[in-house]
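Engineer: Go by the hints and put chain B onto chain A.
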Amino acid sequence: MFNWLTVLETLGYILIFPGFLFCFLVGLFLSGVDRKIVAKMQKRVGPPLLQPFYDFFKLCGKETIVPAAANKGMFLAAPLVGLASLIVLQMFIPIFNFTAFSTMADVIVILYLLLIPALAMILGGAASGSPYAGVGLSREMVTVIACELPLVLVLLAVARTVGSAMGKGLVFSMSEIVNYQSANGSLITHVSMIPAAIAFLLIIPGETGSHPFDTAEAETEICEGLLAEYSGGPLAVFKLSHSVKVLTLSSLFVALFLGGLGGKIAALVGSFGLSAAAAGMIGGLLGAIVLVMLCLVITIVFISLVHAITARLKVEQVFKYYWTVVTGLALLSLVLAWYGF
Amino acid sequence: MFKKLIKESTEKSPWLFHINAGSCNGCDIELVSVLTPRFDAERLGFKLVGSPRHADIVVVTGPVTKQSLPRVLRAISQVPEPRCIVTMGSCPQSGNVFKESWSVCGPLSKYVHVDVDVAGCAPRPQAVIDGLALATQILKEKRGQK
Chain A
211 MFNWLTVLET
221 LGYILIFPGF
231 LFCFLVGLFL
241 SGVDRKIVAK
251 MQKRVGPPLL
261 QPFYDFFKLC
271 GKETIVPAAA
281 NKGMFLAAPL
291 VGLASLIVLQ
301 MFIPIFNFTA
311 FSTMADVIVI
321 LYLLLIPALA
331 MILGGAASGS
341 PYAGVGLSRE
351 MVTVIACELP
361 LVLVLLAVAR
371 TVGSAMGKGL
381 VFSMSEIVNY
391 QSANGSLITH
401 VSMIPAAIAF
411 LLIIPGETGS
421 HPFDTAEAET
431 EICEGLLAEY
441 SGGPLAVFKL
451 SHSVKVLTLS
461 SLFVALFLGG
471 LGGKIAALVG
481 SFGLSAAAAG
491 MIGGLLGAIV
501 LVMLCLVITI
511 VFISLVHAIT
521 ARLKVEQVFK
531 YYWTVVTGLA
541 LLSLVLAWYG
551 F
Chain B
16 MFKKLIKEST
26 EKSPWLFHIN
36 AGSCNGCDIE
46 LVSVLTPRFD
56 AERLGFKLVG
66 SPRHADIVVV
76 TGPVTKQSLP
86 RVLRAISQVP
96 EPRCIVTMGS
106 CPQSGNVFKE
116 SWSVCGPLSK
126 YVHVDVDVAG
136 CAPRPQAVID
146 GLALATQILK
156 EKRGQK
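Quick mapping for you: the protein sequence lines, in order, are chains A and B.
Quick note, the first sequence lines up with residues 211 to 551 if you use this note's numbering.
Quick note, the second sequence lines up with residues 16 to 161 if you use this note's numbering.
Derived by calculation from the structure, the hints in this document are not laboratory data.
Ideal Cβ positions, reconstructed from N, Cα and C, are used throughout, including at glycine.
What you were told as hints is all true, and nothing was included just to trick you.
Computed footprint of chain A on chain B; a stretch qualifies when at least three of its residues, placed anywhere within it, have a C-beta under 8 Å from a C-beta of chain A:
id, stretch
1, 63-76
2, 93-104
Simulated crosslink set (DSSO-like; lysine-lysine; CA at most 30 Å straight-line):
id, chain 1, residue 1, chain 2, residue 2
3, B, K157, B, K27
4, A, K246, B, K62
5, A, K250, B, K22
So that you can see chain A by itself, here it is in the shape it has in the complex (with noise of 0.2 Å):
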């Protein structure tokens, strides 16, 4: 039966929470405290905390020029794709006890979404033409390729500690994931899971591109490579999604190995003794607000603390860091998990 209750909310879902307006408002926000954090270690005043909000709109009312070298369809729609699967790709990550969409095997979908933003500005950027793009593009991959193995290892690593505490094997659904840890205590507590969560946050500032893991966006050697052909509106939208990415990446995180804060929060909420759905409300708008908090520290700890004390690595240097160490962290982790430690 068509149901236009069930298509409200999930317009609402896609729209404003936490799709589209969340992400935006929350993405920029992260932005900017990274740039104010920044300008703070390097002892400079910085841009304002609403400055990537000033940014985005004044690259709105830009004028876009298509290069006459260049793939038009491809060239506009990339910037457009990359920013969607973000954002579907925020609906599946759950904030807490709270879930947007949710199936059977979330992770392999996430997995997927997440490949889709890098793809979308690799595409973007050999649709232009540009040479500087060609170089950022090979970059690119190299640095997606680079992240793409330990991130594996570290999903794997959570679904068979998850599993073989509920005895099923591999979990692959992040409901499943958050649920257990809601009402067990956070995964990052197990002894097994410590390397894999800290290799995830190593990944962090590579999958989003920032400091020192940036060889694509080399702004001062290659023009911000992939993007030295963008401008206006287009240009707009890959920054948001650069912006909108962090978000992602952290919220995963929390989702992945501080899930315990959800049993939590209920068990808070719960205390005030109030009717059932006045407490899913208030323990989903508690759980979005200690969200964004946990976001923050990520944010600042592991991309500005990062950008500020490190310089541009070499893009076989970045390769070789992450299938060394990080993936080395991943691997002891996935090898403890799967004995049960």
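Structural biologist: Frame of chain A, contents of chain B only:
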């Protein structure tokens, strides 16, 4: 509302693109010093970008030599509207000590509309920031006319 938001934002987020038109490198260094922690132009939203397609303000240094003139004009034409052109130092404004040399085609205002001139050899960072702030005002006006 959206239009007003864009207009206000145009003033607050001007991105710079720097073109060296045969400069002696003095002005180039002074421009970079504007972005250092001491003067920190980023607090006004200024950011140095590498591609002319991302820029709002084009900063030209140097006396515009024969070799550089076609490249300068081509780079400026790639900057999306609304844009603002700022000359930095005395060279692009008047030719400075290179005036009437066979290899110098300046001043720049013969070829494109220049919005702000920042004079000096090299101008002090304070003067540069002042000129750039003026350029953001002009940028906002240009945005408003649309």
